[in-house]
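Chains A and B supply the protein sequences, listed in that same order. For what it's worth, our numbering labels the leading residue of the first sequence as 93, then goes sequentially. For what it's worth, our numbering labels the leading residue of the second sequence as 813, then goes sequentially.
Accuracy of the hints is not assured; some may be wrong.
Taking CB as the label site, the calculated pair distances span [unchecked claim]: (1) L192(A) / R833(B): 50 to 58 angstroms; (2) V853(B) / F122(A): 44 to 52 angstroms; (3) V853(B) / K199(A): 45 to 53 angstroms; (4) L187(A) / W834(B): 47 to 55 angstroms; (5) R833(B) / A146(A): 51 to 59 angstroms; (6) K111(A) / H886(B): 54 to 62 angstroms.
For the record, the hints were derived by calculation from the structure and aren't laboratory data. In this text, a Cβ means the ideal position worked out from N, Cα and C, and glycines have one as well.
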Amino acid sequence: MQLADLFVALRHQLDRDPKETERAAQRLEFAPDDAGSVLRRLAELLEADDGADALKSWVDTSDEGMPLDRRVLAAQAIDQWFAPLASRYLSRRALSDGHLRARQWYKRHGRLNGDAADGQLILRPGLFDRSVNIREVTPLRETFDVADLFHTLFLVPPTLAAECPHGEDGERPVSLAFHRIAEVADQCPSDPDWAPVVGVVPLALAEDDLALRTFFKDGADWYAAVPGDLGARAAAAIDALAAEGATIVVFPEVTADPATLDAIKAAVRRQAVDGPIRYVLVGVRQDGETDAKPRSMAVLLDRTGAEIFRQTKLHCWDLDSDQCRSYDVCGPDGRLLDEAKEFIAPGDGVTIVELPNMGRLAVMICEDLGRERPAAWLCRAKLLDWIVTPVMDAGLTEERWQAQAGDESSRTGSCRVVVANSMSFSHRFNRVCDADGEEDKRITDCGVALFFQPRADPAQSSRIRRLSLPIDAPEPGCVAARWEPQSWPELNTEGCP
Amino acid sequence: MSGEAYRSLADGIRDAVEAGRWDEADADLDTLAEEAALCLVQDRTADLAALAREVARCHTALALREDRSPEAMHRLGQLRAIAAMVAAGRANRPARSEAALAQAGTPTAAVLRALADGAKSGPALVEATGLSHDTVARALPELRAAGLVRSWPAGRLVMNERTGAAG
């Protein structure tokens, strides 16, 4: 039996009764020296070629301690065995043959275990956490999670149960997949002092750049966001951000149609050799086949403009009457709508990518960021370096939902969060303000990007950087900032709506 | 080593491959590999970063060419192998010496001192040293790799103790 497969089997056993597992963990926390003594013996056991079999035999037949305690200890011994593969610092000893074989398997298959049907057993720390392991110095969480018994390994399940669209009853499966991307790298995201430049292109600068089409169908009002032909503007923004040294560029939700995406790919490719841009994430509206609903997608490009992966938005943003009012969402007959459902086909999968030039990254499109699954679940797993969130909303501020969701995700996940927005909805908002005589509420300095840096100390606040453009003169239509959170203000999200 | 020298060497490989001068390309790839190995052995981090930039730039330029001939692909593969070696050298660092880690006034020395009276968990070390969470979280992985601290899980906690090697 392979060690990773034994770990997966033990993990499933520990998951069966989390309350009992928690009690076993508490017994071990109460007697840490005893746990250390057993783990030292188990580590010696694992140095032999038949270590996995010997460990399994110890779990099954030893009369030492309680059976559940032995399972926890055995799984933790395996977790420790894999630790050299997840450290930025080289150990003084050479890797064993077993470690080398495990690394080879991991790089080939993106998992340490044998059977993908069990999920993917991956190295838990993202690239950044391999030199700064925040988890082990922060106080224990009040709620117990079996996964928190392990610092090196994390089992990514094949699917998670997520909400159904439009508030429908029940749950639906959403697949999770982890991919290591093999490519030539010149950035070093595992260096704690590495400070990339993040660029954002709002792209839809005017109201008409992102048209909101409404219609009545199947007994409900629907809206669909349709971007204009913005390829030339997008290409110019890529050139401008390359001149500013951007490492990654983010376009907001549904601001590009396939033609604009092609223009972005061509512009990125032109910068590929001498430019600094390593990745571009584009929010794309993709038409459905014939009568099918369109998709709100995020497409990640590499430095040559080639696609790395596509992900479809999982959750619809259905507007209530207040939101319809705020953004002047009217039906074809000019009637202000009481509610409007987002006309998109929701996606059914999330991809976590490990990028040699950026670290471990997940995309959560707009509404997806604030949901329990998979977003909040992934954050609690603490295995990401970055969450990137393209949105479609009015201007970003430190007080609105994006700040709260970004802060929560960043703190819970110990990861950096980037939110990117267009400007179209801010024009709609301003139009309503003008009509209502509320000029004081008009958005003038339009927030198009929020960056969040978590703080390790739970008693302290996250750091936030907000980037904006003047709504009436947004040229050059892009913003960028180096990731230097030590100079950013602290975020206070108390009272956020 | 100057960045210009690396740029010149990488451009030499690129020009040779584009012109089909395979002997020249192979000679320059040898030179590049030797320089990369030297940088790794001598732990010249700034030079490794400069070398990584030039190798990635050259690789990107050659990968974007239409030429998919076996000769060109062979050199592209060699370049990729060198890039992988340089990237591994940058991503994985050796721990500093025991003397450097135990030098008074450093966070690593403070952690070692806090462990002098027995094993402690991560949060307890933050409290005992008065250092920030970030600082302790940075110190522990290096102390472990240097063999000065041994760690083990106890339930959800990670306990740390000094080893015999830590003076």
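Tested hints:
1. L192(A) / R833(B): 50 to 58 angstroms: violated (38 angstroms)
2. V853(B) / F122(A): 44 to 52 angstroms: Hint holds: Cβ distance 48 angstroms, inside 44 to 52 angstroms.
3. V853(B) / K199(A): 45 to 53 angstroms: violated (24 angstroms)
4. L187(A) / W834(B): 47 to 55 angstroms: Once the Cβ atoms are compared, 36 angstroms apart, the range 47 to 55 angstroms for W834(B) and L187(A) is violated.
5. R833(B) / A146(A): 51 to 59 angstroms: Holds, at about 58 angstroms.
6. K111(A) / H886(B): 54 to 62 angstroms: holds (60 angstroms)
Consistency note: the structure conflicts with the earlier hints numbered 1, 3 and 4.
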